[in-house]
Each structure stands twice: as structure tokens, then as C-alpha cells.
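Asker: Chain by chain, the residues run as shown.
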Amino acid sequence: MAYPYTHEKEVRVLSRGWGDPRTRTVEGWKAMGGYTALEKALGMSRQEVIEEVKVSGLRGRGGAGFPTGIKWSFMPGEKKGPHYLCCNADESEPGTFKDRELLRWTPHQLIEGCLIGAYAIQAEHVFIYCRGEFFEATQVLARAVEEAYEAGYIGKNILGSGQDIDITVFAGAGAYICGEETALMNSIEGRRGLPRVKPPFPAAVGLFGKPTTINNVETLSSIPHILNNGGSWYRQWGTEKSPGTKLFCVSGHVRRPGNYELPLGFPLEELIYDVCGGFREGRSLKAVIPGGSSVPIMSAADCEGCTLDYEGVVEKGSMLGCASVIIMDDSTNIVKQVRRMVDFYAHESCGQCTPCREGTQWLARILLRIEKGRGTAEDLDTLLELGDQMTGTTICVLSDSAAAPVASSIQKFKDDYLALIRRGEKVGAA
Amino acid sequence: MPESTHPQETVTLTIDGREVIVPPGTTILQAAESMGNRIPHYCYHPGLSAPAQCRLCLVEVEGAPKLQPSCVTQVRDGQVVHTTSAKATAMRQGVLEFYLANHPLDCPICDQSGECKLQDYVHAEGRKHGRSREPKRVFGRDDFGGDVLFYGDRCVMCTRCVRFMNEVAQDPRLTVVERGNRSVIDTFFEDGVEGSPYAGNIVDICPVGALVSKDFLHKARAWDLDHTPSVCPNCSQGCNIDLHVRDNRVQRLKPRANPEVNGHWMCDYGRHRYEWINRDDRLRRPLYREGGDTVPGEWGTVLSELLERLEETRPIRAVASPFASTEELATLRRVVDALGGGEILFRSPEADDEIPLPGFPQLARRRDLSPNRRAAELLGMKRVGDAEGRGGLESLADYTGTLIVLGDALADMDEGFGSHAALYLYLGSHPSPAATKADVVLPIPTFAEQEGTFINVEERVQRFWPGLLPPEQARPAWMPLGAILARLGAGELPATAAEAFLAAAELMPELMGLRYETIGTRGAILNEPVLVTAP
Numbered sequence: 167m168a169y170p171y172t173h174e175k176e177v178r179v180l181s182r183g184w185g186d187p188r189t190r191t192v193e194g195w196k197a198m199g200g201y202t203a204l205e206k207a208l209g210m211s212r213q214e215v216i217e218e219v220k221v222s223g224l225r226g227r228g229g230a231g232f233p234t235g236i237k238w239s240f241m242p243g244e245k246k247g248p249h250y251l252c253c254n255a256d257e258s259e260p261g262t263f264k265d266r267e268l269l270r271w272t273p274h275q276l277i278e279g280c281l282i283g284a285y286a287i288q289a290e291h292v293f294i295y296c297r298g299e300f301f302e303a304t305q306v307l308a309r310a311v312e313e314a315y316e317a318g319y320i321g322k323n324i325l326g327s328g329q330d331i332d333i334t335v336f337a338g339a340g341a342y343i344c345g346e347e348t349a350l351m352n353s354i355e356g357r358r359g360l361p362r363v364k365p366p367f368p369a370a371v372g373l374f375g376k377p378t379t380i381n382n383v384e385t386l387s388s389i390p391h392i393l394n395n396g397g398s399w400y401r402q403w404g405t406e407k408s409p410g411t412k413l414f415c416v417s418g419h420v421r422r423p424g425n426y427e428l429p430l431g432f433p434l435e436e437l438i439y440d441v442c443g444g445f446r447e448g449r450s451l452k453a454v455i456p457g458g459s460s461v462p463i464m465s466a467a468d469c470e471g472c473t474l475d476y477e478g479v480v481e482k483g484s485m486l487g488c489a490s491v492i493i494m495d496d497s498t499n500i501v502k503q504v505r506r507m508v509d510f511y512a513h514e515s516c517g518q519c520t521p522c523r524e525g526t527q528w529l530a531r532i533l534l535r536i537e538k539g540r541g542t543a544e545d546l547d548t549l550l551e552l553g554d555q556m557t558g559t560t561i562c563v564l565s566d567s568a569a570a571p572v573a574s575s576i577q578k579f580k581d582d583y584l585a586l587i588r589r590g591e592k593v594g595a596a
Numbered sequence: 013m014p015e016s017t018h019p020q021e022t023v024t025l026t027i028d029g030r031e032v033i034v035p036p037g038t039t040i041l042q043a044a045e046s047m048g049n050r051i052p053h054y055c056y057h058p059g060l061s062a063p064a065q066c067r068l069c070l071v072e073v074e075g076a077p078k079l080q081p082s083c084v085t086q087v088r089d090g091q092v093v094h095t096t097s098a099k100a101t102a103m104r105q106g107v108l109e110f111y112l113a114n115h116p117l118d119c120p121i122c123d124q125s126g127e128c129k130l131q132d133y134v135h136a137e138g139r140k141h142g143r144s145r146e147p148k149r150v151f152g153r154d155d156f157g158g159d160v161l162f163y164g165d166r167c168v169m170c171t172r173c174v175r176f177m178n179e180v181a182q183d184p185r186l187t188v189v190e191r192g193n194r195s196v197i198d199t200f201f202e203d204g205v206e207g208s209p210y211a212g213n214i215v216d217i218c219p220v221g222a223l224v225s226k227d228f229l230h231k232a233r234a235w236d237l238d239h240t241p242s243v244c245p246n247c248s249q250g251c252n253i254d255l256h257v258r259d260n261r262v263q264r265l266k267p268r269a270n271p272e273v274n275g276h277w278m279c280d281y282g283r284h285r286y287e288w289i290n291r292d293d294r295l296r297r298p299l300y301r302e303g304g305d306t307v308p309g310e311w312g313t314v315l316s317e318l319l320e321r322l323e324e325t326r327p328i329r330a331v332a333s334p335f336a337s338t339e340e341l342a343t344l345r346r347v348v349d350a351l352g353g354g355e356i357l358f359r360s361p362e363a364d365d366e367i368p369l370p371g372f373p374q375l376a377r378r379r380d381l382s383p384n385r386r387a388a389e390l391l392g393m394k395r396v397g398d399a400e401g402r403g404g405l406e407s408l409a410d411y412t413g414t415l416i417v418l419g420d421a422l423a424d425m426d427e428g429f430g431s432h433a434a435l436y437l438y439l440g441s442h443p444s445p446a447a448t449k450a451d452v453v454l455p456i457p458t459f460a461e462q463e464g465t466f467i468n469v470e471e472r473v474q475r476f477w478p479g480l481l482p483p484e485q486a487r488p489a490w491m492p493l494g495a496i497l498a499r500l501g502a503g504e505l506p507a508t509a510a511e512a513f514l515a516a517a518e519l520m521p522e523l524m525g526l527r528y529e530t531i532g533t534r535g536a537i538l539n540e541p542v543l544v545t546a547p
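Respectively, the protein sequence lines represent chains L and R. Position 263 of the first sequence, counted from 1, bears residue number 429 in my numbering, the numbering being contiguous throughout. Position 338 of the second sequence, counted from 1, bears residue number 350 in my numbering, the numbering being contiguous throughout.
For reference, chain L alone in the conformation it holds in the complex (with noise of 0.2 Å):
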């Protein structure tokens, strides 16, 4: 059975089991040699496993990249009370559509994942934050850690080694800003999910004020298969600093969206034409928006010979983020598209930081005048100058995303707007 869509060009680690429901049991997680690297993880000290994660070069999929292995070491060595692992499954970035397939094909590979990584930080109880609206991958997962608890996976003295590990499903209640990682441990709290002020940073004071991590569904997902095989078996794939596997979500206006597994590094420009199948007849290249709508947006120019890792998409003048590849043909009404963005970061900021709060609304209403046509030459300028006063001036990044499109958008398709901005003019090819 073939996942829908896949491609020659693809390796399948992560994605392996997708599209068969057969792996979302125990059995058919072990059939597929499941449940080894957790033995294996089991039989070595936790500074082995942090170090064979550290040698896998794993850099965190949930957008900041930062490496795995790292993070891990940043938890006290020392135990003076609960530590506390969150898996972060709030999927909720705009284009992005890899965790939720992870939870619903493969909820073991995520269970072991959690697993070792709680064995790694000494942590006795891991939270898997689902997002609201994931109401089927919430339950496969939930039925999942269920069989897992019966199977001695989880629970009291795993497999024997005398290791106390649990596992809590946790579902959110559909806010976006709950997927920052320290509003997301105040919902699990019972709190407003309010991101908190750093520092104090999670691995000193997190969930219940107690050492907490953090990590991405993909970045969990990764780790049987990194202890499984070594680290140095993973750095086959990708660059060197950007080393393994990544699930692409591309959507937007090419033949074959979906998910696909593909070494970091990988072209952008053969992601679009060869993998995902090109553009519609008569279309051509746009813009992409390559890492999550929180990113900035590229050009066509900016395309040419990018190569999808998180260097070769810096170097673009974007981000890598999540890899949620948005393509958007000749058709596209970037000013349109945009404010549909900044409306949805005005929805879903959290209020607490006025900047945010305040000026996600005032972008998003400034950019339907001008898209109704009621825009000003000036209005740009406000555009750009608000953004600036909204970058790196609040408690989350929330704010900042919200004004890097626009300020991006403004940059690269300035003619855009100011056709609208000269009313009655028609924007994008007819």
C-alpha cells in the first residue's frame, strides 16, 4: 500500500510505516523491529545516550533546529525531584502537516521515542501534548500507549531494568500559541496557555516548576532509529550540519502536495518540479514560503539553487522552520495571501505583550484596506514600521512571525501592493 503519494526520491525512516495500520500495534511496531532500541537504550547509561544523539547531529524539528542531544545535556545530572518530558504534538503552524501522520501511522516509533528520551533526562513522567482538533491521531495515539501500558513498554520497571516511565496523553483545546513550548506546559498545568517569560528556561524551571524538555514529534520520532543504528548511521543523509531524514509538507498550487521524507539538503527547486510534479498548465514559480507561515517569504529568484537545509534556506534570506513548503504559482495575490497569515496571528495571539496583541490586529486591518483597494502609499510604511516595533519586543516570537511576512512580502512584491494601492488594477496573471 502505498502512502499517498510517495517518490523514488524519498527515504523512508521515519515515514516507513505510514499508510499501514498494521504498525499502530505493538506487533506490527515490533514486526517492523520495533521496541529494539529501547532494550538497547535501556542497556546503556543515559550520558551514552545523550552522546549517540549528540553523534546523530539530530537538530529539533518543531522549527528552531536546535540540536537534540544538547538540549538533553542541559537537564540537571543531579536529581533533586521530578523531571518531566513534553512531547510537543500541538501541530498547529500553518502548513504544516507531518506530526499529525507520525501520531496517526506510527504512534509506537513516537512511544519509544518519548521513552528513551525520558530515560535519557531522567525524567518519570512524559506528556504528549496533542493538538484540539486532532481528534482521530489523539485517539490511535491514546489506543496506542494503552497496549504499550499492557505490553510493560511503559509503566512500572520497563522490561525489567527497574525504570519507571509514564506516559500521559494530553489534549489541548485547539489554541495555536500552545504549541510555544511554555505555554504549552501551562496548559498541561490547567493555566491559560500564556507563554512564559524566559529565564528561567524549561530545563531549570518547567512543567510544575520542574527540569522539563521539550522536543518535537519528528525530533522523537527519530531517536529509535538513531539508537537502533548509531549515530554516525543517520549523518549519512543531509549536511553536515544539518545531518538525517525531514518530512516536507508541501502544499499550494504543484500536482502532488504531501508529505514527503527527504534528505536534508535536498534542492528545493527538484522538491517542486520532480518530486511534488510541477505546476498546473501555463503556471510558473511565484513564491514559497518554505518553513511554516511563520518564515519569511521567498521569491522565485530567491529559489534558484536553494537547498533545503536549515544553512541553505538561511542563506536565502528565509528559514528552514518546520519544513512546511507553501508554493504559490503565478495566480497567487500575495497581499491576499499574506493578510489571510497575519489574520490568523492576530486570532491566535495569546494577548498578554501588547505589541502583539495590539499590532497583529492593526497589520491585518491595514493590509484589507489596501486589499479592498482603500490602501496608501504610506500604509507600506506603517506596515514596516509597526513590524519593526513588533520584532524582538515581546515575551514569544508569536509577534515576530506575524511581521515577517508582511515585512518580506513588502520587500520582494512591492509591485503587488502597490497595484492595489492604485485601485482597479488586477493582481496575479489572469
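No lab work stands behind these hints: they were computed from the structure. For glycine and all other residues, C-beta sits at the position ideal for the given N, C-alpha and C. Among the hints, erroneous ones may be present.
Cβ-Cβ distance ranges computed for the label pairs, FRET-style [stated by the list, open to error]:
(1) L:ALA543 x R:GLN182: 52 to 60 Å
(2) L:SER450 x R:GLY142: 36 to 44 Å
(3) R:MET47 x L:LYS245: 56 to 64 Å
(4) L:ALA339 x R:GLU400: 47 to 55 Å
(5) L:ARG540 x R:HIS141: 14 to 22 Å
(6) R:HIS141 x L:GLY483: 32 to 40 Å
(7) L:PRO242 x R:LYS231: 52 to 60 Å
(8) L:GLU214 x R:GLY29: 49 to 57 Å
(9) R:GLU45 x L:ALA339: 34 to 42 Å
The hints should help you fit chain R onto chain L, whose structure is shown.
Answerer: Same frame as chain L, now just chain R:
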């Protein structure tokens, strides 16, 4: 962070080019404040937790990639902070512009106008002209119950009110509902803050006109109010307050910060009991009995009349009020002692229970509802009557000696009170039927109209200042009583309240060594060991 691993006594940092030395753990905002540099802020309040969300107190710290919230960033040795650099100023201007994007410009009808932090900050650093051309968001008005009215459009979402109710009142009645630009403060139930005994404080800490007092609504403009430091007279806690006065009438009471007594807070019970101070039915002239009637007279005449009728050999008894100042009470004691000594009775109202403020345990609305009962007790006066402050004076009905009543309006007594006394002197601020038979009636000011001290429940002596002009002829009781003393050769007539206080100390060893100057605006604990520095 190697330098923070060993404990230090002090931290030295530079703020705007000036060096400042503060204890470790101080925040940049507090350090700046200690040198008189008030960094603008909304969400930070010294009596609450700091969520660092208003983003107005961001400052530039050399070496930090972003501006830092000064309300939560702790000082570090050698830190160099700029609060007025181009970057910090531009940021504040930007944040202020965001505040104004939705804030209504209804200052002309807003109660906060004149004491509004948004007005102040925008006036100081805001843009000349707003750039927003978009329609403003509208929430409208909501009755939060009790004395609190909420104007949602003016809210700057600092959440001080929510945190006060959660952390200090520990009575979570408010919350933020919705998110983003739609965030609004709301109550959980229809009752809102109704019945929450400290809810009035949320009006005080609201930096803008979002939470206003129904009692004060449209009553006075902030710039027309004179502020006088005083002490709340409504229980024995002695919360430090300011009298806010316009046209010689108290318009409202506001807490005055004193970390040792009331923090930044006061209870609604005390806050709303000020109308009696504004009563117009006052004793305005000295009166004396001529034949069967009491007639008004000049102070000189009335006093000589009084001194003439005094007989040192006659037995004397007195009734005092625990609402009178320490100076007045002590002078009364001295007069009674000089006239051969006699019992002084006082009545004082009591509540059924205390109303503590859980987040600030030193503060409670005390059971004892009079401000100066402790002074009366220290002066050997005897409490009689019930918890309503009534009764207990039956033994005085047929009393035939000299009778002095100070301050007690004797509301439960009828016109025959004191009719058997050989000499009946009544000193009061308001007329009373029980003064009808007095031989001499002397008008005195209320606590709000004179200088003096109260001694509170924890034996802290605290000063209050005159905020209102008393009726022209009213004199503090220590003055006529002091004249009696002088006439008897038992002391000098004090010229000022400060002298009356020093004279009181002769009678009250607890006050020894204290002077008005040393008591200051924060008060002083009685019998507290005095720190003596070796020469």
C-alpha cells in the same frame, strides 16, 4: 555566570551613565527607581507578581541581543543599562502607539484623567500624531459589582486587577477571557466582585480609567483634589491613607503605601466610611449655660466661665471617645488627674470578626472598629457598653460631680443626660441631644481637620494631618483642656499638636523618646528598642 556562584553583599551597575549599588536580587526597574529614574510600566506593581507583559519597561542592557524587561531582569555586577537610549525610547514610543490604537480618547469624561499613566507616558514620550486610521475596537461598559465599574475600551490589559484578586485578595473573581486583541477582563459570575472585602483596591491599581469607582464616578477631576496623608479611622488597623479633598469635602479615601501596616491596600469597609467627615451639622461655636439656656459665646468668655465654675475638690468623671487623637485623650487624662483623679469611660464598637487580607497577612479589618482604642487603654481608660458602642453609662445618670465628655456623641442618651452634674463640659464635633444639659459645649475638629496621632492595634503610633478646614471656632480638645491644666498649675498650654504629643509622653512611658519628626509618615512602634550607635 561565574560571578553569581558566590554570594555577594551588593551589586554595582550603571544605569544611564550613573553608577548605582543595590542588593543582589534587585531588578533593574527597582534599581533605577532607587536613583529616582522611574521606568514606565503598567503590569509591574510592587505588591504583585510581575508577568513582564506590558513591554513598556524594556531597557537596553549592553551585551543582551534584545531589549530586556526591567521589571523581571535582575541586576548583575558591571551591567550597563540604558533606559533612554535611542533604541529604548523608540521601543517605548512604539508600544505606546500600540496602546493608543484601540484606546478611546475619552479623557474629558474619564475619571482617571489627570492621574492616568497612559496620559502621562504618551505626553512624555508618545508620537505627536497617531498613525492608526482603523476603526477602534469596542467592548463597552460592564458593572463588576460592588463599587467597581469596568470600561473595557480603556483597558490596557496589564492584568493587575486579575492578579490582585488571585494573589492578594485570594478571591479569584476576575479573569481574562478570549485572547489576542479580543482579550477582555471579565467576572466569572453575575456577582462579580460584589462582597469581596478588598475589591476596591483594583480601582486604585488600574493604571488607566478601565476600573473606576461608582462612588467617585464623575464626582471630581483628579487635578482638583488635594491629597493629605492620614490614617483610616474606621478600625484599629490604622491603614495609611490619603484624604482626597475638594471644596473642603473628602471626595474619597485612597490607601497610602506603608509596607509595615497596609502594604498598598485598604479594605472597602474603611474606604467607603468617610461621609460622616463631610457632615454639615457641626458644632460651630462655643456654648455656655446662662440661666436655663445654652447660648453661644466667644472662646474667651466661655473659657473663663468654665474655669470659674471648676472646683478642684469636687469629684470628677469623664467619658472619652476612642476616635479622639492621642493628644486629646492624654490631655483629658491629665485634667482628670489634676482634679483629683476619677474614672474615664469609653465605648467602642466591635465587629463580629476580623476580615483578613490573605495575601498580605499583616492587614485585616480588625474587630475593634475604633482607631485609637489602644491609646485609651494605655491611658487607663475603661471600656464600657456593648459591641455597638452603646450603653454602659447608666451610672452617670444621677452623677452630681464634674462631668467631661470628649468626642462621644452619646447617640444613645437622651436630653436629660448630665442634668444632675454640678459641672458638665461637652467637647464634640457634632451636636448631640445629650449635650443639651451641658454647662459648656466646646466645638472640636474631626481627625481630618487637625493634626494628631492614633495608636493602632499593634501599638504603632501614626500621625495624621489636617486635610480639611474645621469650622472656624473649632479647636482641638487638647487646647481648652490644656488651658484648664495651665489654670490649675498642672502643666503648660501646648502651642502645637507636637507639643501636646510631647506632654502626652510624660503620662505614657510608651511614647518616651518619640517626637513627631521621628514618627514621620510611616509611624513608630511603641517600646521598640532604640538603636543606639556607639560614639
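Asker: Each hint needs a verdict: does it hold in this structure or not?
Answerer: Hint by hint, here is what the structure shows:
no., hint, verdict
1, L:ALA543 x R:GLN182: 52 to 60 Å, "holds, 54 Å"
2, L:SER450 x R:GLY142: 36 to 44 Å, "holds, 42 Å"
3, R:MET47 x L:LYS245: 56 to 64 Å, "violated, 43 Å"
4, L:ALA339 x R:GLU400: 47 to 55 Å, "holds, 53 Å"
5, L:ARG540 x R:HIS141: 14 to 22 Å, "holds, 20 Å"
6, R:HIS141 x L:GLY483: 32 to 40 Å, "holds, 34 Å"
7, L:PRO242 x R:LYS231: 52 to 60 Å, "holds, 57 Å"
8, L:GLU214 x R:GLY29: 49 to 57 Å, "holds, 53 Å"
9, R:GLU45 x L:ALA339: 34 to 42 Å, "holds, 40 Å"
Against the hints set out earlier in the document, a violation occurs for number 3 only.
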